[in-house]
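Each chain, written out:
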Amino acid sequence: MNETLKSLRYTALAVVAALFVSAFIIVITDIAALREGDVLTALDTLRLAYWSLFKGSFGSLRAISATITGATPLMLAGLAVSVAFKAGLFNIGATGQMLAGGMTGLWVGFALDVPGPLHVALALLAGALGGAVYGAIPGVLKARTGAHEVITTIMLNSVAGFLTLWLLKTELFKREGRDDAISKLIDEDAKLPRLFWFMGKRIDLQAHLGFVVALACVGVFWWLLNRTTTGFELRATGLNQEAARYAGMRTRSLMVVAMTLAGAFAGLAGASEVLGLYGFASSSLAGDIGFDAIAVALLGRSTPIGTAVSAILFGALQAGGRQMQVNTDVPIDLIIVLRSLIVMFIAAPLLVKAMYRLKGEAQSFGQTFRGWGG
Amino acid sequence: MTSTTTYELRGITKRFPGVVANDDVNLTIRSGEVLCLVGENGAGKSTLMNVLYGLYRADEGELRIDGTPTTFHSPADAIAAGIGMVHQHFMLVPNFTVAENVVLGAEPMGRAGTLDIERARAMVREVSDRYHLNLDPDAVVEELPVGVRQRVEIVKVLLREARIVVFDEPTAVLTPSEILEFFEIVRTLVRAGRGVVFITHKLKEALTIADRINVLRRGKVVGDADPRTATEAAIAEMMVGRPVQLTVEKKAAAPGAAVLEVRGLSVVEPDGRTVVDDVSFVVRAGEIVGVAGVQGNGQTELVEALSGLRRAASGTILLDGRDVTHESPRERHAAGMGHVPEDRQRQGLVVDLSITENLVLTRYHDAQFSSGISMRWDDARAVARDLVARYDIRTPDPEQAATTLSGGNQQKVIVARELSRDIRLAVAAQPTRGVDVGSIEYIHARIVEERDAGTAVLIVSTELDEVMALADRLLVMYRGRVVADLDPRAVSHMDVGLYMAGSRPGEASGHGDPGRVGGAR
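As given, the protein sequences belong to chains A and B, one line each in that order. Under this note's numbering, the first residue of the first sequence carries the number 3, and numbering increases by one thereafter. Under this note's numbering, the first residue of the second sequence carries the number 413, and numbering increases by one thereafter.
FYI, nobody ran anything at the bench for these hints, they're computed from the structure. We put the beta carbon where it would ideally sit given N, CA and C, even for glycine. Take the hints with a grain of salt, since some may be wrong.
[Stated by the list, open to error] Chain A is nowhere near these chain B residues, computed Cβ spacing over 12 Å in every case:
#, residue
1, 471
2, 473
3, 525
4, 595
5, 630
6, 678
7, 761
8, 765
9, 774
10, 787
11, 788
12, 792
13, 832
[Claimed, not checked] Examples of chain B residues lying across from chain A (beta carbon under 7 Å, computed):
#, residue
14, 445
15, 766
16, 780
[Unchecked claim] Pair ranges (Cβ atoms, derived):
#, chain 1, residue 1, chain 2, residue 2, range
17, B, 779, A, 290, 40 to 50 Å
18, A, 60, B, 743, 53 to 63 Å
19, B, 791, A, 173, 31 to 41 Å
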């Protein structure tokens, strides 16, 4: 417990440090004000920027909805990276697994003819399955041939990207009357219901039930890690593969299990975007989510709760960033800078320690990065 | 050579977060004599020497050289002041020659700034001749036996004009005959006026070579011993703080039926080398069979083949008459094989997991701890509490990570896990490596207890004293073969050492048929 608190403190301090550095950037890039030597105005820009950041992420129901909408795929994809980290594997392939799950979910979403809730459930399941199969590939390659998962997942991202592009142009997926890579729309009853349905049909409340699915997955991940034999095997393998092997664990099969689970989580991320947000698929379905998920997992130290919280934080930054851009001249790109700074500070615990003059040993990310050893 | 130099450590205190590694330590080192520093693991020997060598700064205290206070900021200062160190793990580049290794970091330069390898070779030859080290400057280090590599380290230190040479556990990697050669070298160094600090936990060696013995316990110097009058038991008591049973007390073995039968077992490396070569032997219920040998003669691979971690190229392994040659580690485990692996931190434990989790690491899937899907952690915790108490594992809380334990207690976790089950065969590799004297005594007693309860025990250890003391029957491995099957009570250390080196006592060299001694006696 003490350990958890300590790591929480480091995380919080890293976020604060990143906000501080970003503030500095906002002030010195407010050229218009600075040219006139008007430091007060520049400082006021800063105040307004950070205020908008907060207002735009948590300040209203609409803001909260936007935060949740952004957090949903990040949480699921973040779990995909975290579960692999726990088993000592570095899953860069959330993007590809999302695309795989998005496409299978989509197909069930428009092709199957089953009534109401069953349709959504089946479409989600198909998404999880599609992602799982795609995630299993690098797992099997690693277990059978030792091929490094970092390499194979990156390559499989490209494969999935172009495969999706091609699929979207086939008769099966293509939307009639369109020449670009846009899919058919899913059936109305395959749609994930809106989270704030009781507020009426407001188009600005996009948050959907995918968020509940993501939270449920966080629970499943926690239960798996801490309560099941498989979770125990995954943790032991991730921390010390050789000892796990000596203890009679089938570490190779466990790699496949971990990557399959990872794929299932990422597949759900893709499916929930299709079924909850867009209602169709395009080639930009996964966007940068697969990569941002790595940052989410790092920030959350690959723990279930940590991953959930950092996904919400990233979702909030994204939503608040849009508001900030509207209210001030600060571009939304600053959010990327801010996020990168957070990850950088997290990855450099010694730096945070020195900045805040903390006593005691800085926690390293040795465990998280152990996957690199191959 | 030079006149006597005295290095004095006065009131040295070095703290690490949570521990005082050295607590007000006073130590005097003189050139021309051998000072032995003995103490258990974690007693602060290495910390003290790292302070002397400039790797650590002491929090309190000072170093005086011939009475002049001196401060070292780095090992370079220490080297300049005449202190040399031979680490336990050699700092050599394996594919460089002896001469190249020796001059590394202080290369003699030719006129154009090029490496003057000719001079390097001459330097090696000169030092080698002066101290009878018998080194070939052109030999490639990776092809040399461990004992010779150690001499390369010694030359390195001597060339940097060390007046004091610190050896950290130098005999751990040597065969008995190499140890004798090493002692000869130490004596030569001392005759030439150099001082030697010898860090060890082997008391017999300390008594053989030392002029003075200092004993450390929990960071403090708790006493001096005069090697001419002190006994092993007295020094051990000083080290541990209570009387220690140094010899293993056991009744005569009462061997029963064969539990482990190995027939013609061979293990081949992926590169084609045969590392275990047609080995056959039997371990019976109620007997301890020891396997002695210099590290790297196939013992590791033998144990891995027995426990199912390595595939046998040929031969069969029978456990209670059942062929387990092709069974997985878990199946053998379930069939009653307990395995204490040789490297506890890498193979025996997941040190970042809790003590409880490590105590069930090999049997978490038993019905006792698991429903098949979910873990019964409450039951695991109850069993862990019981094992912690029964096996004297010193921890305030079994939910803490295993890293928080000392080496001896970590080893007890493994021993508790493997022996507390109902097993037929215990295979223990280096069961007490790097373990303090108190824990060694305890682990040995447990192993003998297990034997008396009718378990077949196979002990593989490079510590000859250990296998000689524990085993009821002694096998010696050399180059992958079992070259001798001996009665440890009827054979001398020296003779076993000869077998370990590949020759046979009473013969000039290992002619004849050295293999095939296995099977029944």
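Each hint tested on the structure:
1. 471: For residue 471 of chain B, whose nearest Cβ neighbour in chain A is about 15 Å away, the distance exceeds 12 Å, so it holds.
2. 473: Holds: least Cβ distance 23 Å, greater than 12 Å.
3. 525: Non-interface label on residue 525 of chain B holds, nearest chain A Cβ at 37 Å vs cutoff 12 Å.
4. 595: The claim stands: residue 595 of chain B keeps its Cβ more than 12 Å from every Cβ of chain A (closest is about 36 Å).
5. 630: Since the minimum Cβ distance to chain A is about 22 Å, residue 630 of chain B lies beyond 12 Å and the statement holds.
6. 678: Since the minimum Cβ distance to chain A is about 22 Å, residue 678 of chain B lies beyond 12 Å and the statement holds.
7. 761: Non-interface label fails for residue 761 of chain B: nearest chain A Cβ at 6 Å, not farther than 12 Å.
8. 765: violated (6 Å)
9. 774: With a cut-off of 12 Å, residue 774 of chain B comes too close to chain A, as the shortest Cβ separation is near 5 Å.
10. 787: The assertion about residue 787 of chain B is violated, with a minimum of 6 Å to chain A.
11. 788: For residue 788 of chain B, whose nearest Cβ neighbour in chain A is about 10 Å away, the distance does not exceed 12 Å, so it is violated.
12. 792: violated (10 Å)
13. 832: holds (15 Å)
14. 445: violated (40 Å)
15. 766: violated (11 Å)
16. 780: violated (12 Å)
17. B/779 to A/290: 40 to 50 Å: holds (47 Å)
18. A/60 to B/743: 53 to 63 Å: For residue 743 of chain B against residue 60 of chain A, whose Cβ atoms are near 56 Å apart, the range 53 to 63 Å holds.
19. B/791 to A/173: 31 to 41 Å: violated (58 Å)
Consistency with the previously given hints fails for numbers 7, 8, 9, 10, 11, 12, 14, 15, 16 and 19, ordered from lowest to highest.
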